[in-house]
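Please put together the full structure from these sequences, using the hints given.
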Amino acid sequence: MLRRASICLSLALSAALLSSAQAQTFRWATPASVATMDPHASGDTTTRNILINVYEGLVRLNQKSVLDSELAVSWEAIEPTVWRFKLRPNVTFHDGSPFTADDVVFSFKRATTSSSDIRAKLRSIKEMKKVDDLTVDAITQAPNPILPQGVLIFMPILSHVWAEKNNAVEPADNRRTGKENFATRNADGTGPFKITSYGVDGRIEMVPNESWWDKKEHNLSKVVISPIASDATRVAALLSGEIDLITPIPQQDVPRVKESPQFYILTAPEARVVFLGFDQWRDELIASNVKGKNPFKDVRVRQALAKAINMDLVRDKVLLGAGDPLFAMIPPQANGWTPEFKTRPASDINEAKKLLADAGYPAGFSVTLDCPSDGLSNMGEPVCVALTGLLARIGVKVDVLLQKQAAYAGKIGRRETSFYIHSWGATTFDALATMELTMFSYGDGVGTWNVGGYSNAEVDKLILSASSEMDAAKRKGMLTKALSIHRDHVGTIPLYQPTLTYAASTKVKVVTRSDDAVQLRWVRFQ
Amino acid sequence: MAEIATPVSAGRLKLAALAPRSESPVLRSFLRTPSAMIAAFVLTCLALTALLAPWLAPFDPFDPANVSLIDAMTPPLWMRDGNPDYLLGTDDQGRDILSTVMFGLRISMTVGVAAVVVAMTLGVVIGLIAGYAGGWFESLTMRIVDIQLTIPSILLALMIDGVTRVVASRELQAEIAIYAVIAAIGFASWPPFARVARSRALVERNKEYVQAARIIGVAPLRILLSHILPNAIAPVLVIATIDLGLAVLAEAALSFLGVGMPPTQPSLGTMIRIGGNHLFSGKWWIFMTPALTLVMIVLSVNILGDWLRDALNPKMRRRV
Amino acid sequence: MASFVLKRIWQGLLTVLVVAFVAFGLFRFVGDPVMSMAGAEATQRDREELREQLGLNDSIPVQFVRFVANAATGDFGISYRSGRPVSNLLAERIPATLELVFLGAGMALLFGVLLGIAAALRPRGRLSRFILTGSLAGVCLPTFVNGILLIYLFAVTLRWLPSFGRGETVQIGVWSTGLLTSSGLRSLIMPALTLALFQLAMLTRLVYSEMTDVMQTDFIRFCRARGLDRRSIFFRHGLRSALMPVVTVVGLNIGSVIAFSAITETVFQWPGLSLLFVDSIRFGDIPVMAAYLVLVSFVFVLINLAVDLIYFAIDPRLRVSRAGAPAHG
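Sequence lines, in order, name chains A, B and C.
Residue 420 in the working numbering is what sits at position 400 of the first sequence, and the numbering runs on without skipping anything.
Residue 706 in the working numbering is what sits at position 281 of the second sequence, and the numbering runs on without skipping anything.
Residue 402 in the working numbering is what sits at position 11 of the third sequence, and the numbering runs on without skipping anything.
Calculated directly from the structure, the hints in this document are not laboratory data.
Certain hints may be false.
Stretch by stretch, here's where chain A covers chain C in the computed footprint (C-beta under 8 Å, at least three residues) [said to hold, decoys possible]: (1) 466-480; (2) 509-521; (3) 537-549; (4) 553-563; (5) 664-677.
Just so you know, these numbers come straight off a predicted model, no measurement behind them.
We put the beta carbon where it would ideally sit given N, CA and C, even for glycine.
Right, dumping it as structure tokens:
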């Protein structure tokens, strides 16, 4: 009876909404399209950031990027390697099936099968166990102090009833022999929005999920997400009124959009650091005129390069203000940060030249810089070219090798580089993941992205102990200390933290967050 | 009419018209065509600028130590905030636009002309022989043409780049970039020349005067050069002039993919591409200066091509 | 005639095979899909496993043979990025590209030939100069600039036409068409114009050049001497002879319009084959790239065959010489 009443009420509500429906359609343009509707089949950032509105996890981040409960109402580590999650009752999926512990266990299994592209993210969990209908235990391989924020936030939950009914219990085997399955083009989550259409052109249409468990903060009746890859076209679509929000807007178009009272610019510091890395492990660089030795093995050469780079100038003239210079491998938003990481080595050409001369390179040397032409938010090329100018002043001749992102990533991943520009996102808002992957001595599983091969026993030890330290304050101390050592050794030259820049129509209010995820549940028409 | 009736005399007439000594009609036609003279003048100026860029340009934009980032995006002298050091302003890296355009012109003209010469020579020679001789040579070369036209030239250029990467050592890559680009564009654009040359040769070889020439025992090479080639010149020139502009743009596309000229040695195409990003933010000079220079090249070459087509055409010449 | 066509088809198939092989050789220069697919946290072993699963560890010839064998049965594999069958992806995108290309090529052909004839009618006239100068501008302007200028004029400033996408489409069987809705038609105007502009300018110049050439020939002078009406000489004899090289170029260019509509599709976010290809390059999606190249080369081969057949229809002399006498060296 009660249920019928609520159905009637929601029908009445939706009828009322429909009357003003046209004005409440939110149109959003992104550069890339969603790869698949299956949240486990792709680790692609765009896909994740859009599907986050449809599929929920056990936990989520709030507007200030702080951990918040989602499908779990509470959690605690009952043993060092066992985390217990109490699940939210009375939650239903879009197809009406109820949400229970079975769905959590099922989703974990599904997300760790061989055809899942996100399984590496969940590697630290050994197993998920159902305790009762609304309780699950996550058993980890080793003690993991940041399991919810560091790992479970990346595990979207879908309905096991729906998946079994539609023969989609595993992600479509997107390899050699498989076929697409129902989940590739259809979705069934618990999130605030439901997919109504997923077009050939990557266009997605959504409507609000009226039976969502949380309090509705948005006032949208429909959402249309269109991919527009070309920067200029995306800006034009906003200016012509066909789109309400574009993410991102190229920096040089910001003044033009600001001019018009119909639009405004939104910014947020991105939880990411752009840095220069160098080969410190080969005995001879593969792309340099120095033969028989590797100049980057000498800390004085690395310091000289760091001193030659005037980041304030680059920020003002090349980034046009859209970045904050810093000198650590994590952004201020991440756990492990300390204010002194903001201070860069004073830029001083003479001192840099002296350091180079002391190291045995009074006339400098030449080296090739690997650079993604369409990476780093399209800033790869101008930043790299600006760096050649700054480094030329101390006699270091840099040849820029521009490549497309896919080719560049392969080259960096195979460590076929002497000098490269790269960026690393602190997606968990904690330093550990960054440090394990980019600062730990090169190896398998940890240090995989330590392309330059920086290696320091103390840093390794600190990272290892921090990874299982359950005391938050002690853990943070370890992280900060390891970061400081790496920083003093100039293991890389951190350059800046990029600023995310969006543009929107003044009709809508959008919340920006440092992880570049636009959450439709906070979008409001005014 | 008489020509059709007596093909032999027609052949002789044409031979006479093409004799290497008779250069004066071309010169005369040139002096009578003001547009061609202007175009030639502009092109000569541009070519000289390109040639003498290292001595004419106020800065050396290819030396990164010379570039001052502080002065980035300075507008041209006559605008507010203009700087007398930079007559036409600076780009997003603080390079003097005037100097960069001069040096960029040098690269673009070298790449464009060299690539078109490579493509034209290759295409015309193959096309003429294929059309005239036919047989296995024709079907082989025309199949290669078909195959090559199927591969987007960018991918072909990528392959050539891949080969140079293997052949050249890493620190040499900046030096060989320009040859790789010329080869990539040249080898990617010969098929249209071959197609047109062949289609001309096919038509001409069945004409009476060619058959007559063959009957009286004129050597095939001579027939090709003096009867068939002149007839192929008009369409080849049209394609060549258009191809020159295309070659310059293709070079920009290659640079865009990261296999062309390095961004520290920008060509006109690269400058246009970078300037395009700033076109609608009010910094028009970064785009307009190289774009206008490019248009001037293509325009002059086209006008000259048009005139040359008329002047070289033996049938037209008889009327001059 | 029949043996000629059969020979051509056989040669065409060979072409497609060679293209597929060259394309395969190229892929390692385009990008490495494993890095982005496996994700940052993947171990070397994960990457190695993925590489093995994708068959990337096999030698290029082995990968090639497998690809051809599957392609022969219509199976182009699975897209690395989306996990969907490539043949489905291509089939969904074909209507958008074909509608754009045929409208663009049609516009170019119609206006190019008309303008070329108009210019050739009075080669020294004012109209002729105007057309030729305009065509020069069309040849000089890079496509991306054309497209962006059109967008800023008609979408941003005047707000007459949409700046991106295909508008509303209607599904007729497997074909999705934008030709039946007003928003679909409006979306088609600017991309088609952008695509047509360069070809239009080039055709205008070519037709003009051929026509003025033909009008100088002895054949035409003979006709004139016979007292034939000027108009009839121009259109019946002149135009006919001038059309042969035009057919060559048009035939070639329809193919290149398809292959190189990449810029137009990118600027207007037109959801066609080229946009799919451009996206797949960015993600290193090898199956999509391979299938696209094979498809485009197949279309080229068909077009070339058509061009050869049209040669026969237009130029009777060719028909006689080719059908009769064997080629001589």
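So, going through the hints one by one against the coordinates:
Under the rule that three or more residues need a Cβ within less than 8 Å of chain A, the assignment of the stretch 466-480 of chain C holds, with 10 such residues. Requiring three or more residues with a Cβ within less than 8 Å of a Cβ of chain A, the coverage given for the stretch 509-521 of chain C is violated, as only 0 such residues are present. Residue count for the stretch 537-549 of chain C with a Cβ under 8 Å from a Cβ of chain A: 5. That meets the three needed, and the coverage hint holds. Chain A is given as covering the stretch 553-563 of chain C, and this holds because 5 residues of the stretch bring a CB closer than 8 Å to a CB of that chain, at least three being needed.
Coverage of the stretch 664-677 of chain C by chain A holds [criterion: at least 3 residues with CB-CB distance below 8 Å; count 7].
Of the numbered hints listed earlier, the single one contradicted by the structure is hint 2.
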